[in-house]
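**Q** Sequence:
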Amino acid sequence: TQIAVGAAEEALAQAGLTLSDDRSVPAERIGSIIGTGIGGLATLEINHGALVTKGEAAVSPLSIPLLMGNAAAAAVALRHHLLGPCFGVMSACAAGANAIGTAVRTIQCGEADVVVTGGSEATLIRLAKACFGALDATSTSGQSRPFDLRRDGFVMGEGAGILVLEAADVAQARGATVLARIPGYATTCDAHHLTAPDPDGAGAARAIAAALADAGIGPQDVDYINAHGTSTELNDRAETFAIKTVFGERAYDIPVSSLKSSIGHLLGAAGAVEAVATIFALRERIAPPTLNLEVPDPELDLDYVPGVARPFIVPEGRPARALSNSFGFGGHNVVLVLEVA
Numbered sequence: 195t196q197i198a199v200g201a202a203e204e205a206l207a208q209a210g211l212t213l214s215d216d217r218s219v220p221a222e223r224i225g226s227i228i229g230t231g232i233g234g235l236a237t238l239e240i241n242h243g244a245l246v247t248k249g250e251a252a253v254s255p256l257s258i259p260l261l262m263g264n265a266a267a268a269a270v271a272l273r274h275h276l277l278g279p280c281f282g283v284m285s286a287c288a289a290g291a292n293a294i295g296t297a298v299r300t301i302q303c304g305e306a307d308v309v310v311t312g313g314s315e316a317t318l319i320r321l322a323k324a325c326f327g328a329l330d331a332t333s334t335s336g337q338s339r340p341f342d343l344r345r346d347g348f349v350m351g352e353g354a355g356i357l358v359l360e361a362a363d364v365a366q367a368r369g370a371t372v373l374a375r376i377p378g379y380a381t382t383c384d385a386h387h388l389t390a391p392d393p394d395g396a397g398a399a400r401a402i403a404a405a406l407a408d409a410g411i412g413p414q415d416v417d418y419i420n421a422h423g424t425s426t427e428l429n430d431r432a433e434t435f436a437i438k439t440v441f442g443e444r445a446y447d448i449p450v451s452s453l454k455s456s457i458g459h460l461l462g463a464a465g466a467v468e469a470v471a472t473i474f475a476l477r478e479r480i481a482p483p484t485l486n487l488e489v490p491d492p493e494l495d496l497d498y499v500p501g502v503a504r505p506f507i508v509p510e511g512r513p514a515r516a517l518s519n520s521f522g523f524g525g526h527n528v529v530l531v532l533e534v535a
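Per the working numbering, the sequence shown starts with residue 195, numbered consecutively.
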């Protein structure tokens with residue numbers, strides 16, 4: 195919650211929509227939709243320890259407000275007096291991207307004009323490390339190596355990414371500086387396994403295809419793909435298959451990279467932080483690198499931008515566009531289409 199509040203403070207200040215600004219959008223038309231994969235797990239760990247060692251009287255009365263999955267959305271709404279739709283989204287590592295997509299739909303259906311949205315996660319604690327370690331999901335080498343033959347799991351990170359989404363006419367009327375647009379969003383479910391993706395990437399492929407259709411574009415209109423790229427054996431293979439399924443031969447011409455090689459896996463915040471980074475990649479027209487990709491996997495043969503960032507070319511006459519993929523335990527697949535003029 196704390197890092198979500200901090201990120202929201204920065205985002206609203208940049209957008210000119212803090213309480214101290216002359217806010218032209220009514221509070222009733224501003225929402226708060228923020229995702230998290232797990233919620234306040236540190237609060238649970240601390241208070242369980244207090245319960246076991248000192249008894250019930252030692253448990254904080256703030257435990258529930260701090261650990262509930264909607265705490266970040268509620269805290270941001272409370273701090274900034276946002277009276278529109280307010281709720282949390284919990285879909286594991288797809289939560290941040292799911293929250294952004296849900297915010298898009300909330301604006302499109304007329305329930306809000308502005309939504310503060312994104313994801314937040316803070317799980318660098320013993321309990322989380324032990325739980326993911328027990329699943330063999332995290333790297334024993336301590337290296338995040340997406341798409342590398344030696345990949346052996348993800349490296350945890352933590353953080354928050356918050357965007358201020360607005361209806362186009364509202365942003366124009368108040369003279370807002372528009373950083374990017376989100377013309378497409380889709381979400382699907384594998385219905386295959388709680389922690390493993392569909393091996394063929396079929397669910398992810400359906401999400402990618404649906405997001406492109408929602409944006410009204412085709413494979414030739416995408417310049418960069420921010421991959422979910424967790425550095426796990428199964429995810430990186432399934433995601434590569436999904437991209438090939440949708441893009442065909444065009445897949446080999448698109449730079450695909452994983453920010454998790456640089457910042458670790460932020461779980462429920464990953465999709466939101468990566469959406470922010472992807473927007474700036476589009477604005478600069480530079481594909482971020484996939485670090486630590488040194489030993490190629492023969493099965494994974496796309497352009498993963500190994501080691502060093504690289505400019506990409508955008509055809510004249512259209513905006514720069516990217517996909518940002520986010521997948522999560524439970525079979526959740528989320529794809530955002532991001533666009534910068």
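These are calculated hints, taken from the structure and not from any lab test.
Watch out, some of these pointers could steer you wrong.
[Unchecked claim] Straight-line C-alpha distance at most 25 Å; calculated SDA-like pairs for lysine to any residue:
1) K323 / I258
2) K323 / P413
3) K438 / I448
4) K438 / P413
5) K438 / D346
6) K323 / L343
7) K323 / M350
8) K438 / L494
9) K438 / R368
10) K248 / A324
11) K438 / F523
12) K323 / A390
13) K248 / L235
14) K323 / I240
15) K438 / D495
16) K323 / T389
17) K323 / K438
18) K438 / R344
19) K248 / N264
20) K438 / I507
**Q** Enumerate the violated hints, using their earlier numbering and listing them in ascending order.
**A** 2, 9, 17 and 19
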